[in-house]
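A.B. asks: The listed protein sequences correspond, in order, to chains A and B.
Sequential numbering from 89 applies to the first sequence in this note's numbering.
Sequential numbering from 89 applies to the second sequence in this note's numbering.
Honestly, I wouldn't trust all of these hints.
No distinction is drawn between identical chains; accordingly, a pair holds when it is met within one copy or between any pair of copies.
The calculated DSS-like cross-link candidates involving lysine-lysine, where the alpha carbons are at most 27 Å apart (straight line), are [as the list claims (entries may be wrong)]:
hint, residue 1, residue 2
1, Lys446, Lys293
2, Lys219, Lys446
3, Lys116, Lys545
4, Lys486, Lys446
5, Lys313, Lys339
6, Lys339, Lys155
7, Lys419, Lys545
8, Lys293, Lys486
9, Lys313, Lys419
10, Lys293, Lys313
11, Lys293, Lys329
12, Lys419, Lys116
13, Lys486, Lys545
14, Lys329, Lys313
15, Lys545, Lys339
Because the hints were derived from the structure by calculation, they are not lab data.
Every value quoted in this text rests on a predicted model; they were computed, and no experiment measured them.
Given next are the chains, with one letter for each unit.
Number of protein chains: 2
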Amino acid sequence: MSETSTPIDTIIIGAGSAGLSALREVRKRTDSFLIINDGPWGTTCARVGCMPSKLLIEAANAFDRSKTFDTFGIRGAQQLSVDLPAVLTRVRALRNGFVSGTIEDSDAGPDHQISGRARLLGPNQVTVNGKEYSASRIIIATGTRPRFDPAWHAMGNRVLTTDTLFEQTTLSPRMAVLGLGAVGVEMAQALARLGIEVTAFVSRKSVAGLSDPDVLNTLWGELEKDFHIHVGERASLAAHKDGVEVISGDKRLVVDQVLAASGRVPNVEGLGLETLGVALDEHGLPPFDGNTRQIADLPVFLVGDIDPSRALLHEASDEGHIAGMNAFADKPRHYRRRTVLGISFCQPNAAVVGQSFKELAGQDIVIGHIDFSRQGRARVAQEDAGLLRVYVDRASGKLLGSEMCAPAGEHLAHLLALAINNELTVQQMLNMPIYHPVLEEGLRTALRRAAGQLAHKSPTDLALCDLDKNSVLE
Amino acid sequence: MSETSTPIDTIIIGAGSAGLSALREVRKRTDSFLIINDGPWGTTCARVGCMPSKLLIEAANAFDRSKTFDTFGIRGAQQLSVDLPAVLTRVRALRNGFVSGTIEDSDAGPDHQISGRARLLGPNQVTVNGKEYSASRIIIATGTRPRFDPAWHAMGNRVLTTDTLFEQTTLSPRMAVLGLGAVGVEMAQALARLGIEVTAFVSRKSVAGLSDPDVLNTLWGELEKDFHIHVGERASLAAHKDGVEVISGDKRLVVDQVLAASGRVPNVEGLGLETLGVALDEHGLPPFDGNTRQIADLPVFLVGDIDPSRALLHEASDEGHIAGMNAFADKPRHYRRRTVLGISFCQPNAAVVGQSFKELAGQDIVIGHIDFSRQGRARVAQEDAGLLRVYVDRASGKLLGSEMCAPAGEHLAHLLALAINNELTVQQMLNMPIYHPVLEEGLRTALRRAAGQLAHKSPTDLALCDLDKNSVLE
C-alpha cells in the first residue's frame with residue numbers, strides 16, 4: 089500500500105545537469121518542489137563525465153608534452169615516469185570537489201530531496217520509495233548510463249566504463265577501448281599517453297562524430313601515433329586466463345582491462361512514461377517539442393541526455409533552463425536552440441560547429457581549409473598537426489559550419505560558433521583583427537580560401553569607412 | 089655626382105612586413121617597381137620580433153609546465169634541465185626558416201631590389217647608393233629599431249636587445265630586463281622560466297599596455313612568481329668587473345647581461361621627409377591619414393611601425409595593403425581600421441581588446457569579471473590564475489572592450505575581438521554555445537555579470553524562435 093502526501097507544485101526527476109538547471113528556475117518561482125534522484129547524487133558530468141575525463145587528459149597531455157622536450161632543448165625527459173596511482177588520486181581529488189559543487193546546487197534541504205527511483209503514475213503523479221506524490225508539473229531528467237553487456241559483470245574490474253574507470257587505484261599495462269566516440273577517443277588517447285598500450289576497437293572508421301572524410305583521415309593518422317585502432321566487426325569480450333580476450337572477426341587480442349565506451353543508454357525503463365497517455369516511439373520516448381521541452385500538451389517536460397539528440401552538458405543545461413521557465417509559463421515558449429557545437433578533447437582537438445559536412449551534402453557551398461602541419465604558430469609550438477575545413481554558402485557568403493582536428497581546436501571552434509550563431513559572412517569574419525603569430529591565422533587562411541570561391545569576391549578583407557562606404561571595392 | 093635612371097612607377101622603402109604587404113598589391117598593378125631595404129632583408133617580425141620571441145617562449149613554457157608534473161602524478165621532473173645553447177639553436181633554426189619565407193616574399197629579382205639606405209629628395213624622387221630614382225608613387229615603410237644608448241656599445245654583448253638576444257650561443261645566469269612592454273614582459277618571463285635569475289627594471293607599475301588596475305595587479309602578482317621587478321627611476325647601466333651594474337635610484341644590481349627592452353625608435357633620421365614640402369611633427373613625421381595612409385595630398389604613403397600608433401604586425405600589414413591599393417586609386421579610399429587587439433604572450437596571456445579601461449573612463453559602462461583562480465577548466469589544467477574584465481555600454485549592451493591576463497587569453501581575446509568588431513551586444517554573445525568544460529565558460533561568467541547590470545536585463549541567455557519572437561521575455 090502506498091501513502092499519498094500533499095500535492096506538490098513541481099517534481100524534478102533526476103539531479104543531473106539538466107535537472108539542476110531546471111531546479112534553479114523552479115526555485116525562483118515556487119517553494120513547493122521536490123527533486124528525486126536515483127543512485128549517487130552529483131551530475132554525470134562532474135562524477136564520471138566531462139570533469140574526471142579532462143583531469144585525466146590534462147595529466148596525459150602534460151606527460152606527452154615532455155616528448156617534445158629534447159626538440160625544445162630541455163634535457164632529461166627520458167627520466168620522467170607516470171605514477172598512475174598518483175594520477176588517478178589527483179583525478180579523484182579534484183573530481184570530488186566538482187561533485188561537491190553540484191551536490192550543493194541540488195541541496196534544497198531534506199524536505200525537498202528524495203533518493204530513490206521515481207516512477208510516473210500519470211501526468212501529475214509520481215511514486216518513489218513506496219510513496220505517491222501528486223504534482224502540478226513534472227520535469228523528467230533521468231539521463232543515461234554507459235552501455236554495458238550484463239555478461240561483462242562476471243569479469244569484474246577487467247571491464248570498465250567511465251562509471252568505474254576513475255575509481256581504479258591503478259590501471260593495467262594493456263587495455264582495449266571499445267568505441268571512438270567523443271569519450272572513447274579522449275580516453276583511448278589519454279590512457280595511451282600515460283604509457284598504457286591501448287588498442288581501440290571500432291566497427292567503422294569514425295571518430296568523435298566527424299563526418300568530413302579529410303578531417304577524419306587527418307585525425308585518424310594522428311591517433312594512430314598514440315594507439316592501435318582495429319576496424320572490424322563489433323567486438324565481443326571473453327574471460328581469459330591473462331585478462332580479457334577481445335574478439336572482432338578474426339582479430340583476437342588479450343588485454344588486461346577493457347574500457348567499454350560504445351555509447352550510453354537513456355534511462356527510460358521503469359520510468360512509467362507509458363502512463364502519460366501518449367504514444368511512445370521506438371526508443372520508449374514520448375513526443376515532445378525540442379524548443380519548449382513540453383511532452384505533448386501535458387504539464388510534463390523532458391530534458392537532458394534522456395533525449396539523445398543533443399546529449400551535451402551545455403545543451404542539457406539549456407533544456408533544464410527552458411523547462412524550468414516553461415513549466416510556469418501560461419503558454420510554453422519556443423526557444424531557439426544554439427548553434428551546434430561538439431568538441432572532443434583529443435589532440436588535436438576534434439570539433440564540429442554548425443552544420444556538418446554530411447548535413448551540407450548537396451547544398452551549394454564552398455570549402456576553405458588549413459593544414460596545421462605547415463602553420464607558423466603551430467610549428468613554433470611543436471603542435472603542427474591538424475586540418476580545419478569551413479563550409480560557406482556560395483551565394484550569401486554566410487559561414488554554415490566547420491569540422492576540424494586542430495591545435496587549440498576548442499578555441500577555434502568557439503570563434504566559429506560565435507560567427508555562425510550570429511549568421512556572419514566570411515567577409516565579416518575576415519574583417520576581424522587577427523594577431524600574429526596565432527593559430528587563428530590558420531583559420532583566416534581557410535576563410536580566405538573559401539572567400540576566393542564566392543560568387544561575390546572582395547579585393548580586401550577590410551571594410552570602408554563611412555566616408556567611403558558608398559564606393560565600390562574592386 | 090649622382091646618376092639618374094629612368095622613372096619608376098612605384099618605389100617602396102623598407103622590406104619589412106608593411107613594405108612586403110604593399111609590394112603584394114603593387115605587383116598586381118605594375119611591373120615597374122623597386123623595393124629598397126637598409127640592413128638585413130627579412131622582416132623585424134621574422135628576424136628579431138614575433139617569431140623568435142615566441143620560439144623562446146614555447147621552450148620556456150614547456151619547461152615551466154614540468155613544474156606541475158608532480159601535481160599531475162608525473163615523476164622525475166627534478167631531473168630535467170635546460171640546455172640553453174640547444175634552446176637558442178632551435179630558436180635560430182626555425183627563425184631562419186621564417187626569415188627565408190619573408191625574403192622569398194620580397195624576392196622580385198635583381199632589377200627590382202636594392203640594398204641600401206634610401207633618402208627622399210622630394211615627393212617623386214629617391215636616392216640610394218649614390219643613384220637617383222624618380223617615381224610616380226612612393227611608399228615609406230622604414231620601421232623601427234630598438235632604443236639603445238650608444239654608450240652601451242662599449243659593453244659588447246653584456247647589453248642585448250632583441251636584435252642580438254637570439255644570436256647568442258648561450259645566456260648568462262643573471263640578467264636584467266629594462267622595460268615590461270609587450271616584448272620586455274615576454275622575454276623577462278621566458279628567460280626566468282629557462283632558469284635565468286631575472287630582474288626587471290621599470291619606471292612605473294605598467295605591463296604590456298594594460299590600463300585596468302585590477303588586471304594589471306593580477307598579472308603583476310603572477311609575474312613576480314617568475315622574476316623580480318624593481319619599480320624606480322629610469323635605470324642606467326655601468327660596466328662592472330663582474331658584468332653590468334644596473335642603477336635605479338638607490339638600487340644597484342650587478343648582473344651578467346642586460347636585455348634593453350624599453351621601446352623602439354622609428355627610423356626617420358636621414359630619410360629626407362623634410363623634402364616633401366609639408367610640416368613635420370615633433371617626432372619628425374609628416375601629416376598623414378591613418379585610414380588612407382596618404383601623406384598630405386602627395387603620391388607618398390606612410391605605413392608600418394614608423395607610425396607608432398598601431399605598431400603591430402597585423403596593423404602594419406593592413407597599412408601596407410591599404411597603401412598598395414590607394415597608391416593606384418584615382419582617389420585614395422578610407423578603410424576602416426580593425427578593432428584594437430594587443431596581446432602579450434606572457435603567462436597568463438595579457439591582452440587589450442577594443443577600447444581600454446583607460447579610454448572608457450567617464451563613459452557609462454558596466455563591467456563584468458572572471459577570476460580564473462576559481463574557474464573549473466583552469467583548475468583542471470593547473471592554469472588557475474588570471475583576471476578578465478569586459479566593458480559594456482550600459483544603455484545599448486554593446487561590448488566595447490576588455491582587458492585580461494588569462495589562460496588561453498590569446499584565444500579569448502580573438503573571440504571578444506570578433507564580437508566587438510561586429511558590434512555585438514553582450515546578449516548576442518551570451519546566445520552563443522559554450523562547451524563544457526572550457527575557459528570560455530569563464531568569459532561567459534564575466535559577460536553574465538555585466539549583463540546583470542544593464543538597463544535592460546534578459547531573464548535568459550537564449551533567444552526565442554520565430555514562432556515566439558513577438559513574445560516579451562520576462
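A.B. asks: Decide, hint by hint, whether the structure agrees.
C.D. replies: Structure-based check of each hint:
1. Lys446 <-> Lys293: Intra 15 Å, inter 54 Å, cutoff 27 Å: intra-copy only.
2. Lys219 <-> Lys446: Neither way: Lys219 and Lys446 sit 49 Å apart in one copy and 62 Å across, limit 27 Å.
3. Lys116 <-> Lys545: Classified as between; 16 Å across copies, 51 Å inside a copy.
4. Lys486 <-> Lys446: within (18 Å within a copy, 36 Å between copies)
5. Lys313 <-> Lys339: For Lys313 and Lys339, the Cα distance is within 27 Å only inside one copy (21 Å; across copies 54 Å).
6. Lys339 <-> Lys155: neither (31 Å within a copy, 42 Å between copies)
7. Lys419 <-> Lys545: between (46 Å within a copy, 22 Å between copies)
8. Lys293 <-> Lys486: Neither. Shortest intra-copy (30 Å) and inter-copy (45 Å) distances fail the 27 Å Cα cut-off.
9. Lys313 <-> Lys419: neither (54 Å within a copy, 56 Å between copies)
10. Lys293 <-> Lys313: So Lys293 and Lys313 pass the 27 Å test inside one copy only (16 Å; across, 47 Å).
11. Lys293 <-> Lys329: neither (31 Å within a copy, 67 Å between copies)
12. Lys419 <-> Lys116: within (18 Å within a copy, 61 Å between copies)
13. Lys486 <-> Lys545: The answer is within: 13 Å in one copy meets 27 Å, while 30 Å across copies does not.
14. Lys329 <-> Lys313: Classified as neither: same-chain Cα gap 30 Å, cross-chain 53 Å, threshold 27 Å.
15. Lys545 <-> Lys339: Neither: 53 Å inside a chain and 60 Å across chains, both beyond 27 Å.
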